[in-house]
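Please put together the full structure from these sequences, using the hints given.
There are 4 protein chains.
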Amino acid sequence: MGNTFGHIFCVTTFGESHGPAIGAVVDGCPPRIPLSADEIQRELDRRRPGQSALTTPRAEGDAVEILSGVYQGLTLGTPIALLVRNRDMHSSDYDALANVYRPSHADFTYQSKYGFRNPGGGGRASARETIARVAAGAIAAKILYCGAGVEIRAFVESVCDIAMPDTAEFPSRETIDATPVRCPHLPTANRMAARIGAARENGDSLGGVIRCRVRNVRAGLGQPVFDRLDAELARAMLSIPATKGFEIGDGFASAQRTGSENNDPFVVRDGKITTETNRSGGVQGGISTGGEIFFRVAFKPTPTIALAQRTVDAAGNPVALRARGRHDPCVLPRAVPIVEAMTALVLLDLWLLDSAQNKTFDHERLASA
Amino acid sequence: MGNTFGHIFCVTTFGESHGPAIGAVVDGCPPRIPLSADEIQRELDRRRPGQSALTTPRAEGDAVEILSGVYQGLTLGTPIALLVRNRDMHSSDYDALANVYRPSHADFTYQSKYGFRNPGGGGRASARETIARVAAGAIAAKILYCGAGVEIRAFVESVCDIAMPDTAEFPSRETIDATPVRCPHLPTANRMAARIGAARENGDSLGGVIRCRVRNVRAGLGQPVFDRLDAELARAMLSIPATKGFEIGDGFASAQRTGSENNDPFVVRDGKITTETNRSGGVQGGISTGGEIFFRVAFKPTPTIALAQRTVDAAGNPVALRARGRHDPCVLPRAVPIVEAMTALVLLDLWLLDSAQNKTFDHERLASA
Amino acid sequence: MGNTFGHIFCVTTFGESHGPAIGAVVDGCPPRIPLSADEIQRELDRRRPGQSALTTPRAEGDAVEILSGVYQGLTLGTPIALLVRNRDMHSSDYDALANVYRPSHADFTYQSKYGFRNPGGGGRASARETIARVAAGAIAAKILYCGAGVEIRAFVESVCDIAMPDTAEFPSRETIDATPVRCPHLPTANRMAARIGAARENGDSLGGVIRCRVRNVRAGLGQPVFDRLDAELARAMLSIPATKGFEIGDGFASAQRTGSENNDPFVVRDGKITTETNRSGGVQGGISTGGEIFFRVAFKPTPTIALAQRTVDAAGNPVALRARGRHDPCVLPRAVPIVEAMTALVLLDLWLLDSAQNKTFDHERLASA
Amino acid sequence: MGNTFGHIFCVTTFGESHGPAIGAVVDGCPPRIPLSADEIQRELDRRRPGQSALTTPRAEGDAVEILSGVYQGLTLGTPIALLVRNRDMHSSDYDALANVYRPSHADFTYQSKYGFRNPGGGGRASARETIARVAAGAIAAKILYCGAGVEIRAFVESVCDIAMPDTAEFPSRETIDATPVRCPHLPTANRMAARIGAARENGDSLGGVIRCRVRNVRAGLGQPVFDRLDAELARAMLSIPATKGFEIGDGFASAQRTGSENNDPFVVRDGKITTETNRSGGVQGGISTGGEIFFRVAFKPTPTIALAQRTVDAAGNPVALRARGRHDPCVLPRAVPIVEAMTALVLLDLWLLDSAQNKTFDHERLASA
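Read top to bottom, the protein sequences are chains W, U, Y and P. Its first residue numbered 1, the first sequence is counted upward by one per residue in the working numbering. Its first residue numbered 1, the second sequence is counted upward by one per residue in the working numbering. Its first residue numbered 1, the third sequence is counted upward by one per residue in the working numbering. Its first residue numbered 1, the fourth sequence is counted upward by one per residue in the working numbering.
What the hints contain is simulated information worked out from the structure, not anything from laboratory work. Careful, some of the hints might be misleading.
Said to hold, decoys possible - Calculated lysine-lysine pairs in the DSSO-like style (CA-CA distance at most 27 Å, straight line):
hint, chain 1, residue 1, chain 2, residue 2
1, Y, K142, W, K142
2, Y, K142, W, K359
3, W, K359, W, K272
4, W, K142, Y, K272
5, W, K359, W, K142
6, U, K272, U, K359
7, P, K272, P, K359
8, P, K272, U, K272
9, Y, K142, Y, K359
10, U, K142, P, K142
11, P, K272, U, K142
12, P, K142, U, K272
13, Y, K272, Y, K359
14, U, K359, U, K142
15, P, K142, P, K359
As the list claims (entries may be wrong) - Sample of chain U residues lacking proximity to chain Y, with all beta carbon distances greater than 12 Å (derived):
hint, residue
16, E65
17, A96
18, K113
19, E129
20, G149
21, P165
22, R213
23, D313
24, R322
Beta carbons: idealized from backbone N, C-alpha and C, even for Gly.
Here it is as structure tokens:
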């Protein structure tokens with residue numbers, strides 16, 4: 001349990017960082033959709049390390065292979081298995097860690113849970129697992145975009161205390177990917193890059209916030225009462241390694257307002273009912289309003305740092321730890337495609353659920369029965 | 001779909017605010033546990049309106065009846081159905097609202113989703129639905145406490161911009177319930193009460209933040225990679241009406257730190273490995289560390305206010321809305337038992353899942369095979 | 001776990017035979033469908049005891065109440081809770097049984113599983129639990145019939161060694177309900193009635209076989225590879241108390257044929273591809289062919305008999321048991337609506353799943369992407 | 001949906017017959033269990049074609065690779081991904097079939113469902129998919145055997161009208177595998193072999209019945225009311241390609257008996273309560289009694305035969321079909337390990353569920369609360 005996401009569009013991931021492979025099985029995909037490994041690879045390349053001086057120099061190839069579910073370039077409706085072999089593993093970097101609990105890593109908790117773990121690269125708790133999510137999310141995002149015009153854009157809003165200004169404009173992917181930081185506001189991106197570079201020099205790491213914006217989602221998605229759209233997004237985001245917080249719409253800021261300040265009045269625009277403001281982030285009562293959906297996700301600083309740290313080994317002996325290996329001083333730039341992937345998985349699954357309940361039968365026919 | 005929570009300890013809720021009844025079916029409860037309607041009622045009474053001048057004067061009786069799953073005062077292991085009849089409904093308060101979309105309520109989104117809704121009291125999206133969660137959560141909390149000593153304490157940390165100071169001490173329920181605000185810090189509670197009273201006078205409402213602290217959870221709970229403890233808590237909290245944000249441990253504050261500032265060093269205390277600090281909130285890699293679990297939940301101000309608001313009706317005509325009915329100017333005091341209930345549901349379910357995978361068979365026997 | 005059926009149209013049942021109530025929560029029902037308690041009651045009345053001299057004289061009222069999910073006579077899309085209070089319980093009939101394990105009943109296995117049970121009337125294992133299924137199935141059957149013209153007909157094909165002849169004609173419900181035996185072939189029905197009467201006189205009971213036929217199911221229902229239509233039907237049927245076998249199409253008879261004898265050639269009839277014969281029972285590769293679906297379900301004789309039987313009590317002491325209480329000498333006539341209900345639940349759930357995957361998006365649009 | 005089996009021990013399979021690979025992801029496996037590819041391979045070799053003159057001469061290598069979830073020879077508790085590459089595919093055998101619906105195959109129904117299919121070797125509906133089940137089942141069977149001594153033995157009881165006599169003795173695997181037919185009664189096995197040989201000569205195929213017997217399952221497994229042990233077994237068996245019927249215990253024969261003939265009296269044997277007879281097949285009220293579990297599964301004759309058959313193509317034109325390719329004249333010998341695998345998956349999953357609900361907490365502690 002725990003390795004499958006979704007009710008209808010179900011993604012199961014597998015793989016340890018230094019095991020033979022990482023992969024996903026995507027069940028419930030609609031049939032007859034054009035799909036190639038290349039399309040998925042493009043998303044993986046956005047997630048992959050070694051893209052710039054700001055990320056880890058590990059040159060993970062991360063080449064994806066489609067093992068099933070696609071025939072003559074079209075999806076079959078059957079499970080799509082996606083495989084990425086692990087390569088360029090420096091497991092010897094981890095030999096010294098086999099009995100050491102790295103601070104704020106999952107070493108101790110996995111050991112506590114299972115009485116055993118694969119220490120190399122963080123094992124199952126490694127961010128490499130998200131390769132599988134990005135691959136699966138690429139399929140979901142394509143279906144949402146091609147089938148309904150849905151656009152999902154995540155970007156780095158802040159790194160440490162450097163934050164970009166709010167903008168009304170929906171950012172293009174080109175703007176976001178224009179710098180290695182994946183912040184669409186160039187002056188801010190440059191300041192972030194400098195700060196990340198400095199952290200790397202110091203052997204330290206930085207946290208930050210990713211914002212995600214989604215447009216063209218129709219009103220009505222989200223299942224009351226537990227599988228609300230915002231609840232599913234919260235779960236999806238908190239399932240990403242290193243995340244510590246989530247807010248939909250104005251989030252924690254809303255908690256400091258009065259109702260008269262915070263409510264979004266309904267108005268008619270272009271003949272359609274919509275909200276004048278969008279403090280709610282496009283979700284009311286757990287269901288999409290048809291307006292832009294937006295949310296923010298807090299990432300802690302990478303726990304693996306070159307600076308010396310105190311910790312203990314499995315026997316409880318004090319250990320002075322100084323990480324070797326090759327690590328990102330700031331995970332946010334590479335987390336952007338992961339946030340987008342998880343968002344796509346949530347939205348597509350809720351879309352299919354909503355259709356099943358509300359669009360299967362002809363209601364005129366049912367009502368006249 | 002959407003109305004069931006949990007994998008093994010499964011809670012399904014039903015009921016509209018102004019329909020005949022609200023209830024829950026709890027499947028997967030361990031057998032032979034002493035259980036009475038009175039115990040559940042005590043928790044419902046904490047959630048019920050009319051407790052003080054700070055909450056709505058509606059005198060909902062909310063008397064719970066156990067319909068199944070208990071025999072001679074003990075659980076049977078079969079589904080426990082819990083029923084609360086709706087009474088004291090002033091549906092006529094809602095007649096004028098049948099075609100009006102109240103701002104930042106679920107009226108419009110439910111109508112968009114289903115093409116139909118029960119307008120009375122918010123229907124299925126009403127906070128009355130949480131009666132069912134509090135009832136089910138009372139059972140889970142009892143099992144966790146009696147079976148493992150787990151204590152769950154939620155309390156109001158801030159209302160609008162009034163926040164209590166941090167305290168190391170784990171608050172007792174008596175301290176929390178000592179004031180109608182459910183803030184355990186008396187001077188802050190008094191200021192909050194005054195502010196809520198003022199908002200009521202103005203016909204306005206207030207948001208705020210609830211903090212929840214949990215102790216005596218053993219290390220190892222949480223399922224990688226999607227059903228992490230923090231991800232499940234996030235989903236549970238965002239499924240509560242009016243919530244807009246969640247953070248585990250230091251949350252968004254962690255995003256502004258460096259790794260060396262944020263990491264929790266492991267140490268040995270009383271012969272047990274634990275963390276020296278607990279910025280992570282008792283969860284690392286999605287799995288409990290054995291330390292205190294804590295998180296914060298942001299609630300927006302109640303959208304129903306007496307102040308005049310602009311909105312539209314179903315035909316898109318502008319409407320000036322001034323809520324009648326009896327509403328809380330601040331939902332937080334009554335949301336405290338709801339946060340506790342959802343926390344209990346998450347923890348018990350993950351506890352059972354963990355036991356199933358890790359404790360079913362004798363590992364010595366398996367290993368020597 | 002174990003008390004919920006379905007993936008999208010999810011039915012959770014609760015209740016012990018001699019507890020306060022039996023009920024079901026139906027989640028995932030499409031909205032805006034006319035639904036009244038009377039319609040559900042009609043199906044419950046077909047299941048209820050005391051309908052004729054052939055069934056138990058217990059006069060269970062079994063009046064159903066709709067607690068939620070319906071407003072102004074239309075479904076809301078939210079969970080529909082259905083409640084039937086237990087009445088006319090002669091629990092004293094069971095006092096003597098509290099410590100005795102009735103042969104081929106669930107007393108011993110429930111006690112073994114839970115270490116505790118409600119002995120009255122069989123507790124959770126009582127056939128009274130199927131009230132909840134019949135009530136939920138009535139909703140599913142209505143949707144299938146009104147939304148797609150699907151007709152489901154179960155009937156008693158054999159009692160002990162008395163079997164009706166095969167008929168091509170699809171039987172009407174009127175023909176089936178014309179006799180208390182619910183066998184649509186009148187001469188056979190009369191012989192069955194006589195045999196059941198004789199068994200009752202002897203203090204004994206009889207088993208038999210129910211056949212179910214379904215028409216107007218479109219081709220394409222059923223999910224590969226585990227949730228096949230036939231696999232789901234098998235599970236649904238074996239979940240009915242007292243069932244011991246299931247066969248789809250020609251079933252065990254097929255096992256004695258050669259491939260050339262058993263295959264169903266494809267032909268074109270009325271411009272549509274169909275099978276010339278239908279030995280497969282309307283399912284190939286686990287997916288509906290569009291032809292008539294038919295299957296058979298074996299029921300063992302009621303284990304409760306008035307004849308003396310040997311058994312043991314909880315301490316292992318030998319006991320001579322002679323059932324008092326009021327029991328059916330043959331459950332099959334009353335099991336007919338239960339088989340129909342479970343069939344409706346399977347078909348509707350798979351219909352919704354299939355629509356979600358295959359009909360949500362416009363494939364032209366997707367394909368041209 | 002549809003490609004995952006199990007609630008806690010969850011198996012997801014993927015792969016088309018003539019696609020790149022077949023595989024499974026096993027989630028929920030207990031940690032620290034010794035596991036090697038060799039152990040799994042042994043079971044796959046029992047399923048593989050080309051074992052004898054009675055089966056297809058296709059020389060599928062079917063070498064399994066473990067991609068994740070195992071480290072240093074021990075399970076990690078994380079998902080175990082199992083991969084088998086497809087080789088020796090003669091897809092050209094199927095070129096002529098791309099537009100032809102083979103009688104009693106899944107060609108037509110998959111095309112109806114998805115509007116598209118991979119025709120090679122039956123695509124997803126191919127029996128090659130069961131490689132994944134056998135691989136996953138090998139892990140479950142090992143856990144059941146090593147952890148609890150559970151032994152699962154399936155064997156061919158009848159081929160066409162040739163049936164072996166009933167035996168009390170629990171057959172060893174050696175006896176079953178002594179002949180290529182996998183019938184443990186040698187004289188019957190020889191007659192079956194001759195009949196299968198004759199069918200092959202005729203270009204025809206044969207059906208039959210597999211019996212499965214299981215011992216050392218403790219009392220108490222199975223979840224009321226829908227996930228009964230017998231219901232889960234029925235679903236599991238009917239999910240195997242070519243199956244048409246299932247009976248637990250005496251099954252359809254019970255339907256012809258009276259209650260006094262069919263009931264299993266309880267007795268004390270070796271100080272333990274058990275049943276004197278076992279007509280129920282070790283399951284009462286859907287829950288295991290602790291006695292031997294046995295059931296029978298009907299397989300239709302292989303639909304692919306060399307004899308000429310009438311059918312139609314996708315356009316509805318009549319086609320005379322004569323299968324080329326290499327096919328089993330009787331699938332039963334190779335289906336034996338599949339039946340065992342599915343049985344192991346059902347039992348282990350229910351075992352884990354039962355433990356979660358009933359064994360997680362100390363009931364003394366709970367009861368005294």
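Consistency of the hints with the structure:
no.	hint	result
1	Y:K142 x W:K142	violated (37 Å)
2	Y:K142 x W:K359	holds (17 Å)
3	W:K359 x W:K272	holds (21 Å)
4	W:K142 x Y:K272	violated (35 Å)
5	W:K359 x W:K142	holds (22 Å)
6	U:K272 x U:K359	holds (21 Å)
7	P:K272 x P:K359	holds (21 Å)
8	P:K272 x U:K272	violated (43 Å)
9	Y:K142 x Y:K359	holds (22 Å)
10	U:K142 x P:K142	violated (37 Å)
11	P:K272 x U:K142	violated (35 Å)
12	P:K142 x U:K272	violated (35 Å)
13	Y:K272 x Y:K359	holds (21 Å)
14	U:K359 x U:K142	holds (22 Å)
15	P:K142 x P:K359	holds (22 Å)
16	E65	violated (7 Å)
17	A96	holds (17 Å)
18	K113	violated (7 Å)
19	E129	violated (9 Å)
20	G149	holds (23 Å)
21	P165	holds (42 Å)
22	R213	holds (30 Å)
23	D313	holds (18 Å)
24	R322	holds (25 Å)
Hint compliance for this structure: hints 1, 4, 8, 10, 11, 12, 16, 18, 19 are broken, all remaining hints hold.
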